[in-house]
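Undergrad: Sequence:
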Amino acid sequence: MSNRVSNALVVMMFVVLTACSSNGGTRSQYVAKDAKAADINMRLGLNYMQRGDYKIALEKLEKALKQNPNLPSAHNTIALLYQRLDENEKAEEHFEKAIQQEPDYSEAQNNYGVFLCQQGRYDEAEKRFLKAVENPLYSSAPLAYENAGLCTAKGGAIDRAEGYFRKALQMVPGLPKSLLQMADISYQQQNYLQARAYIQRFQQAANWTPQALLLGIRVETKLADKNAVSSYKLILRSRFPDSDEMRIVNQGLVE
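The sequence shown lines up with residues -24 to -1, 1 to 231 when you count with mature numbering (1 follows the signal peptide of the UniProt record, and there is no 0).
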């Protein structure tokens, strides 16, 4: 099989989770005097961050950590904020504190994995995603497996990536990113009929993207289905006329 996934699809499409508490994790036994106020400020900080008001979000999260320095969700949320602000050292410091306080905090493990992968630290990231899914009560395990697949694919470990995507799809058969990645892996393996099947499943699960349509064109070109190729090109031209994928098709660079 090919030792890499096509550049069109290896993109950072990770799922970052910002839940306020872990699903079934064991909380730190430390109870701060202002624990309730800290939790309120953490939630306010999360809300402001999601709205894009980073200055107020940082103020609320810093206040939450003053009120309860051992609040894992506050460390996780402020780490995500520092990550958005490109303050990577501070982000990593707080991710570490979140999981030190609560090792079973799956959201923090997943988010830390996304952070590490974006830094090119693929092996470390993979360990965090796997740690996240160890918690049997973690409801977002399929997304953590998907993230593990995206990250290991980015690092060139396609065999492991394929395994993670399969696990994600066993849990949630309609995960669009995993379906598209499996279609691309199948294409690289020259298993064009399987690639076609994954693209058809993707079509049922999500809206078309330029990447999916270009892959569809490539697969159907290999299968010599001119009608399918024409159909995909028509959709790409009508919906994404200015996309890089349309430029590739126009320049005859599909192969």
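Check before you lean on any hint, since a few could be wrong.
List time: in silico DSS-like cross-link candidates among lysine-lysine, alpha-carbon distance up to 25 Å [as the list claims (entries may be wrong)]: (1) Lys107 - Lys143; (2) Lys66 - Lys31; (3) Lys130 - Lys143; (4) Lys31 - Lys42.
Okay, the calculated beta carbon distance ranges per label pair [what the hints assert, rightly or not]: (5) Lys202 - Lys66: 26 to 32 Å; (6) Arg19 - Thr197: 34 to 40 Å; (7) Glu69 - Gln26: 46 to 52 Å.
Just so you know, these hints were derived from the structure itself, not from any lab.
Every residue, glycine too, gets a C-beta built ideally from N, C-alpha and C.
Undergrad: For each hint, tell me whether it holds in the structure or not.
TA: Cross-check of the supplied hints:
no.	hint	verdict
1	Lys107 - Lys143	holds, 15 Å
2	Lys66 - Lys31	holds, 16 Å
3	Lys130 - Lys143	holds, 18 Å
4	Lys31 - Lys42	holds, 17 Å
5	Lys202 - Lys66: 26 to 32 Å	violated, 55 Å
6	Arg19 - Thr197: 34 to 40 Å	violated, 51 Å
7	Glu69 - Gln26: 46 to 52 Å	violated, 22 Å
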